[in-house]
Amino acid sequence: MQWGQTVETLEIEVMAYDALYLSPHFDDAVLSCGGQIYKQTARGERVLIVTIAAGEPETEVRSFFAEYQHHVWGLSAAEVVATRRAEDARAVARVGAELMTWSLPDAIYRLDPETGEPLYTSNETLFGLLSPTEAPLVAALAGQMRALPPASRVFAPLGVGNHVDHQLVRAAAEQAFASLLYYEDYPYIQWQPASLATLLQPPEAWEPIVCPLSEAAIEARIGAIAAYQSQLGMLFNGEEAMGRLVREQIAATGGERYWYCRFT
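Taking my numbering, I'd label the letters of the sequence shown as residues -16 to 247.
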């Protein structure tokens, strides 16, 4: 199975980008990197965001856990993907980037190939170990990533929070690209700041890169995140709190922070 561009994807020319952001879900790149992306595009750089787990479920099998997520988002099963794709398009446009969406289903919809049962049916499994049955998926996604248009810099999730889709995208990116920058997954980095140390091993291999943000860039990031209306309640308890929390995290790190591993 190949999870490439969907019919709804923008036409993308095969030419170099200044930056490529790998986003596990519809919101991750903007949530974590929206300020820097805005700064890049404002100075004329060409930026591509690839949203990977953005496809329709391949069957109608749903776990109670998936149905509960739909309830929290205030969406029916039939409208989830279309609604979230539209939110993503609005958010990405707000920061001036281009968008490519892939058709891999979100982890909450993926099934065990042997049993046909959902693989991730609780927060414990969703934020636990990637299922061994998905090992071939890492290689498949890495192959898809190698076929992307070339970019001067490639940003992948560090994996703060341990969401299986973030683990999946990072592992595939490490197979596909010789050099990566890793972004701190927001809001997980704000919820679990101590977990950063477990990911930056060995410590001497990792160098932080902080991108300071102007007020215009901060406002652009907050405005773009606000486009993800279905997620604001679950992640932030509303839009007003989101703006405050984003500003708090930016103040704590001095901007948006990325990491480079010298030993790769």
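Be a bit skeptical, because a hint or two may be false.
What the hints assert, rightly or not - Derived DEER-like restraints, expressed as beta-carbon distance ranges:
hint, residue 1, residue 2, range
1, 198, 97, 33 to 41 Å
2, 55, 227, 36 to 44 Å
3, 112, 50, 21 to 29 Å
4, 45, 25, 36 to 44 Å
Derived by calculation from the structure, the hints in this document are not laboratory data.
Note that the structure is predicted; figures quoted are calculated from it, not measured.
Just so it is clear, CB atoms sit at the ideal spot from N, CA and C, and this is done for glycine as well.
Outcome of the hint check:
1. 198 to 97: 33 to 41 Å: Violated - the Cβ-Cβ distance for residue 198 and residue 97, about 53 Å, lies outside 33 to 41 Å.
2. 55 to 227: 36 to 44 Å: Violated: the Cβ-Cβ distance is about 21 Å, outside 36 to 44 Å.
3. 112 to 50: 21 to 29 Å: The hinted range 21 to 29 Å holds for residue 112 and residue 50, with Cβ atoms some 24 Å apart.
4. 45 to 25: 36 to 44 Å: holds, 41 Å
Checked against the numbered hints given earlier, the structure breaks hints 1, 2 and satisfies all the rest.
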